[in-house]
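Residue numbers (the working numbering), protein chains in the order written: chain G, 1 to 278; chain D, 279 to 570.
Be aware that one or more of the hints could be misleading.
[Said to hold, decoys possible] Label pairs and their in silico Cβ distance ranges:
no. : chain 1 : residue 1 : chain 2 : residue 2 : range
1   : G       : Val65     : D       : Ala354    : 43 to 49 Å
2   : D       : Leu357    : G       : Ser248    : 45 to 51 Å
3   : D       : Gly353    : G       : Ala47     : 52 to 58 Å
4   : G       : Asp154    : D       : Ala384    : 49 to 55 Å
Calculated directly from the structure, the hints in this document are not laboratory data.
Cβ atoms here follow ideal geometry from the backbone N, Cα and C, with glycine treated the same way.
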Amino acid sequence: MILLQAGVGGQSGVGGVQLEPSILFESVVVLLAAYLLARFGTVAISALAERVPRRRIAIKMFTPVLKFLIYGLAAYFIAGPLLQLSSTQVLAVSGLLGAALGFGLKDLFAGVIGGLVIITEKPYRVGDKVEIGDHYGEVTGIGLRSTTLTTADDTAVVVPNATMFSANVANANAGAPEMMVVVEVAVARSADVDRATDIVEEALITSKYVFVDDDHPVAVVVEDDAYYRTIKGKAYVSDLRDEFAFSSDVTERTLAAFEAEGIESPVLRAERTRPESS
Amino acid sequence: MAVCSPPFGGRERVLEEAADRLDTEVLRLEPGDDAATLRGALGDGSLVVDGVHHLYAHLIGGFDALDAGLQAILGADDLVVAGWNTYAWTYLSQVRGVDRTFATRATVEETAAEDLAELMLERYEEMPAFGAEQAESGGLVALGRSEFTLGGRTLSVPVPVVNRAALSVSLDEGDVDPKDVVFERLAAVSQGNVGVATAIWDASRREELRPSDIVASGTDLDLDRVEAFCLRLVLLKERVTRSELARIVDEAERVLGRLRRADVVSVEDGEVRLEPTAVPTAVAEAERRGLQ
Numbered sequence: 001m002i003l004l005q006a007g008v009g010g011q012s013g014v015g016g017v018q019l020e021p022s023i024l025f026e027s028v029v030v031l032l033a034a035y036l037l038a039r040f041g042t043v044a045i046s047a048l049a050e051r052v053p054r055r056r057i058a059i060k061m062f063t064p065v066l067k068f069l070i071y072g073l074a075a076y077f078i079a080g081p082l083l084q085l086s087s088t089q090v091l092a093v094s095g096l097l098g099a100a101l102g103f104g105l106k107d108l109f110a111g112v113i114g115g116l117v118i119i120t121e122k123p124y125r126v127g128d129k130v131e132i133g134d135h136y137g138e139v140t141g142i143g144l145r146s147t148t149l150t151t152a153d154d155t156a157v158v159v160p161n162a163t164m165f166s167a168n169v170a171n172a173n174a175g176a177p178e179m180m181v182v183v184e185v186a187v188a189r190s191a192d193v194d195r196a197t198d199i200v201e202e203a204l205i206t207s208k209y210v211f212v213d214d215d216h217p218v219a220v221v222v223e224d225d226a227y228y229r230t231i232k233g234k235a236y237v238s239d240l241r242d243e244f245a246f247s248s249d250v251t252e253r254t255l256a257a258f259e260a261e262g263i264e265s266p267v268l269r270a271e272r273t274r275p276e277s278s
Numbered sequence: 279m280a281v282c283s284p285p286f287g288g289r290e291r292v293l294e295e296a297a298d299r300l301d302t303e304v305l306r307l308e309p310g311d312d313a314a315t316l317r318g319a320l321g322d323g324s325l326v327v328d329g330v331h332h333l334y335a336h337l338i339g340g341f342d343a344l345d346a347g348l349q350a351i352l353g354a355d356d357l358v359v360a361g362w363n364t365y366a367w368t369y370l371s372q373v374r375g376v377d378r379t380f381a382t383r384a385t386v387e388e389t390a391a392e393d394l395a396e397l398m399l400e401r402y403e404e405m406p407a408f409g410a411e412q413a414e415s416g417g418l419v420a421l422g423r424s425e426f427t428l429g430g431r432t433l434s435v436p437v438p439v440v441n442r443a444a445l446s447v448s449l450d451e452g453d454v455d456p457k458d459v460v461f462e463r464l465a466a467v468s469q470g471n472v473g474v475a476t477a478i479w480d481a482s483r484r485e486e487l488r489p490s491d492i493v494a495s496g497t498d499l500d501l502d503r504v505e506a507f508c509l510r511l512v513l514l515k516e517r518v519t520r521s522e523l524a525r526i527v528d529e530a531e532r533v534l535g536r537l538r539r540a541d542v543v544s545v546e547d548g549e550v551r552l553e554p555t556a557v558p559t560a561v562a563e564a565e566r567r568g569l570q
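Same shape as in the complex, but just chain G (with noise of 0.2 Å):
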């Protein structure tokens, strides 16, 4: 049992928690420090990180490593002179911390180890591309509870850290700058496939947003379907945030050449074989 202690000259204090004045001032200042310092070595980062697009993602790493440094460091230097707490103390502490971790602060907890596993396995890191349960985005910031990403409609999505323990996380990058994005286009069952195929490729190599060497290859598909037949072209930008349009840019060009060549798409072609009558 910890017992309620009468302070002396203004000192009070709970067991061995040491409440003066003086301590709670530093205390609170550290956090200040902490706060501004984490802020501007994030934003130093991020500065530096968007001068050089090919390196921004491994740049981008050291953000959440800084946060959970310099964090750890302020509530080292907090709680070493609040907490000076005996033996029996300390075990007296650590079963209250079990029974608030066992009711109520088990989620906040969870998401603490998830944000370091985050740091040391890597899965994902600030800048990479990846799905989270339902949500696809940009990662533009690990917490030390959340991770938050930012979707293609600019909306900012805060995952609980803790969700990777539970939820598959499929990371399109990994850490790279270039990211593969599948482009797919569909023509009909009669159109020359070889020509379309053809002309999906040369719109993916002539892209302004394309990148290709012997690891980042281009590749086009052909899948058959019932009613059509869907040219899947694969290749690498190299920055991922062109990711969308790189897409547009391919699919744009890629339909203007199919219309100047006369190769019907699946639509067309459905509206050309509707009976009058109908």
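Since the structure of chain G is already known, use the hints to place chain D on it.
Only chain D this time, still in chain G's reference frame:
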């Protein structure tokens, strides 16, 4: 056989030498030429041809002439020596496998600083005086200011920055001849490309020449994605017709205007040409963005 070099890197001279040895002329393909030009020259003994990269255009349907030209080369009975822009060669090897068409590939290597110095000393009768770098401020670390946003407010805070000029002086201290430092920098900036080095040398010449005077055109340019892509296209082909660029690049006239004003490209007779002094800038920009 393929002979590759960066723009202005000495490919023309190598091909002329090859033509002399094979007792033939160099066929120079121009922007807008098609495979018929190449096919017409084949079958009449050995052929030396430059600018095969002009057979392709960076758009859908733009590879037909190149494919036809490569087929013609593959079917030739006699030796064909083909000159390529290195960057176009790398790109076309990745996306069309042009490297599989040629049994042998020769690359014009970078020229070392001392060889560049020798070349310049041979080429020009008068040399400038060579000066060491002078730092405007003595300290290696100076204070600059950087802005960042906190809680919606933009704050300007002092940050330490490295004084590059002072650092350069510090590194160059000792008995290093300023002339050697200038030519080392010329070789580094031009990446050992003789044509580029000569152009930068011409543009940098003054009474007293310091290492920091050796700079490529457009180094300070902050290009957007479209401008960088356009510059990359000109780097790949060295010369492109204005009409071809207009078909590929959005807002081509605006982009060309900006690149022209920065002395990165020149436009003449409907043809856009890469300025030799801008090759390092074009290469650096493409590498920075991972452009193909």
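So, going through the hints one by one against the coordinates:
G/Val65 and D/Ala354 have their C-beta atoms about 59 Å apart, which leaves the hinted 43 to 49 Å range violated. Separated by about 46 Å at the C-beta atoms, D/Leu357 and G/Ser248 satisfy the suggested range of 45 to 51 Å. Taking the beta carbon of each, D/Gly353 and G/Ala47 are about 56 Å apart, inside 52 to 58 Å as hinted. Evaluation of the 49 to 55 Å hint for G/Asp154 and D/Ala384 yields a pass: the beta carbon distance comes to about 51 Å.
In summary, the structure is inconsistent with hint 1 from the numbered list given earlier, while agreeing with all the others.
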